[in-house]
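2 protein chains.
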Amino acid sequence: MSSELAALNEELKKIRQDADRIMDSSSASSSKPPVAREKISKMSAQVVDSNPYSRLMALQKMGVVEDYEAIRKKTVVVIGVGGVGSVVAEMLTRCGVGKLILFDYDKVELANMNRLFYQPHQAGFSKVEAARETLVHINPDVEIEAHNYNIITVDNYDNFLDRLVHGGLNGERIDLALSCVDNYEARVVVNKACNDLNLVWMNSGVKENAVSGQIQLMDPGRTACFMCIPPGIVAEEGDEKTLKRDGVCAASLPTTMGIVAGFLVQNTLKYLLKFGTVSGYLGYNALEDFFQKDGLKPNPECSERKCIERQKEYMARVAAEGPKEEKVKEEEKEIVHESNEWGIEIGGEEDLTQFTPASIQPSFADETPATTSKADVAALMAAMKNM
Amino acid sequence: MSSELAALNEELKKIRQDADRIMDSSSASSSKPPVAREKISKMSAQVVDSNPYSRLMALQKMGVVEDYEAIRKKTVVVIGVGGVGSVVAEMLTRCGVGKLILFDYDKVELANMNRLFYQPHQAGFSKVEAARETLVHINPDVEIEAHNYNIITVDNYDNFLDRLVHGGLNGERIDLALSCVDNYEARVVVNKACNDLNLVWMNSGVKENAVSGQIQLMDPGRTACFMCIPPGIVAEEGDEKTLKRDGVCAASLPTTMGIVAGFLVQNTLKYLLKFGTVSGYLGYNALEDFFQKDGLKPNPECSERKCIERQKEYMARVAAEGPKEEKVKEEEKEIVHESNEWGIEIGGEEDLTQFTPASIQPSFADETPATTSKADVAALMAAMKNM
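Chains as they are written, first to last, in UniProt numbering: chain A, 1 to 387; chain B, 1 to 387.
Next up, chain A with everything else stripped away, as it sits in the complex (with noise of 0.2 Å):
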């Protein structure tokens, strides 16, 4: 008897792995679609239909991009992987970036299901493991991190740092970190976290109306950070701090944050890549199919006193150097701005901001049509707070 019961109890065991394994591999997709390729160790040129990288590498060829493989070393953090960051994180994965790290602590529900990427049946799933599973099915080259937490919390902000600093392939930093939270707080946390690690990162929004959203630049120092924005200046919903309410139904678009997304990852292509001019702020209004473009300095009376910090050392930089761009990497070389194809004027550069320190002109884009004023600036940065 006591043999049986040994027996059954090392069956008992045999099978729980089993079913835990099952489990598993199962996750977010009770019906995961078989792997259909094999991993690629060199991106290729060639054109073939079975190769997934000739339409990328071909930017070579068709003089956009100098070394497009140098994406296979880049390391993206997309800060939430909702409407806007999922379709962030499934063009970088179809783009062949070496490693994303997503964080997220939000379940996949029917009422997503409005906008990209997540499906049906994924619903009930933490979001970061159903992005993972679908995204290294979509393209197993990319190595995908994921951390299903709320970055703002104490315990898991250290966590959050740790992987800026040392989640990078080899160990290293990361390279670019994308914000694409719903929130205030998170989007101050991200700010604090890269004027203290000196990381430049982009931020992402779309209005509660679904109709307007923006990305924006923020590069320690050089740019205006995320609490640059002088506070006398509120958007028209009030409270910035308590605009997302529980309970409100916000309404969203595919379309409107198909469009963010895209404008994220292009100038993400562009600033890790090296093409292009990068985009400072890009602002899209859908019911007029109006687009605001600026580029902020930094406000040296922010209430970021690492920002002004990181402001003081760049000037120091700008002033030991002379007045170019700032190398964020050693390797990083300046920006080529290709030339226009349409062969259209639009405005040059304008000093666009109400507290710019004098000596600082930014390399990156900061055109602007000619009738934008500058309180129309400030009041967009100001309403940016509110996405």
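Be careful, since some hints might not be right.
Chain copies aren't distinguished; within one or between two, either way the pair holds.
[Unchecked claim] In the EDC-like style, the derived pairs of lysine to aspartate or glutamate whose C-alpha atoms are separated by at most 16 Å in a straight line are:
# : residue 1 : residue 2
1 : K61       : E208
2 : K107      : D49
3 : K42       : D141
Honestly, the hints are just simulated from the structure, not real lab data.
Since the structure of chain A is already known, use the hints to place chain B on it.
For chain B alone, coordinates are given in the frame of chain A:
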């Protein structure tokens, strides 16, 4: 000891049942995910996680759309479900359009994996069938009709025309055609069909270098048709008819294609649901984040006989009814221009063309940055032919 044994046996039985259930469900759907939700007969604005339409119906509460559910009565045709068209179809499906009719004759290849939508396990399947299966899974409320043929051959053209006239819900005319093809010949065919049938359509295109694209509204007689561009103006790449060459690998990016798809569906939603300003032309240059907005009036010298007829009909209608919006369908009311939330002014309406019938004033959007010359607009139009 005996009771312990009984408990173990009981536990073992439960685990075995669980394992059998898991094995059954995973083998039954080895590739296709299970249908995750039932059809929904009426769109609800109720704010619950299980409602896939809550964020869309919220557009009403936000004051953006008056009657969102009207979308369920609309039928949209998508010609070409490649890098742009597949994302267009997914966005419209997630928006809950009544019916989609898809045309394509291509197969999914791994070489398409650098764009959104198709996944590696679909390689080898026809694009329309692969698309249909994914779309039905995402939103079973949308009726999907898929045609796996080339619309430009004589046999297929008649069937194509029939679907435009009778493919709508309840056998009626469709509401809008969207061209997402990648070649000149197919656009000429769509243009001819829509001129003949007096059907509004929108064109889209992405350039071979992957970093620019555009959308354009064509309303027979009221706006320029695809053939209205003066033949003397040809784009930089040479003969527009031979631009898409076999064996030449065009570059493409998920960003640019996703953005163009977003613009096309956004314009579609504004057109079908009557909100915001429907754009006549919207161009996107990714390198500079430059956006070109225009609308071109029809060319009285157009080579398309039917276009000339439609122009005369339109002029007669304008003369009889006054210079207001043409009613494409009788129940259509005037497009309401929402207020510009940012309070930013851009250049007003101008006569942008060199071949404009004097008395016709389109009431759709024709705003243009003040620095754009007439020659630029014509060049843009010509360039579009090459996309």
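Go through the copies and call it for K42 and D141: within, between, both or neither, with a Cα cutoff of 16 Å. within (10 Å within a copy, 43 Å between copies)
For K61 and E208, with the copy left unspecified, which applies at a CA distance of at most 16 Å: within, between, both, or neither? between (42 Å within a copy, 11 Å between copies)
At most 16 Å between alpha carbons: which applies to K107 and D49, within, between, both or neither? Classified as between: cross-chain Cα gap 10 Å, same-chain 36 Å, threshold 16 Å.
The earlier numbered hints are all upheld by this structure, with none contradicted.
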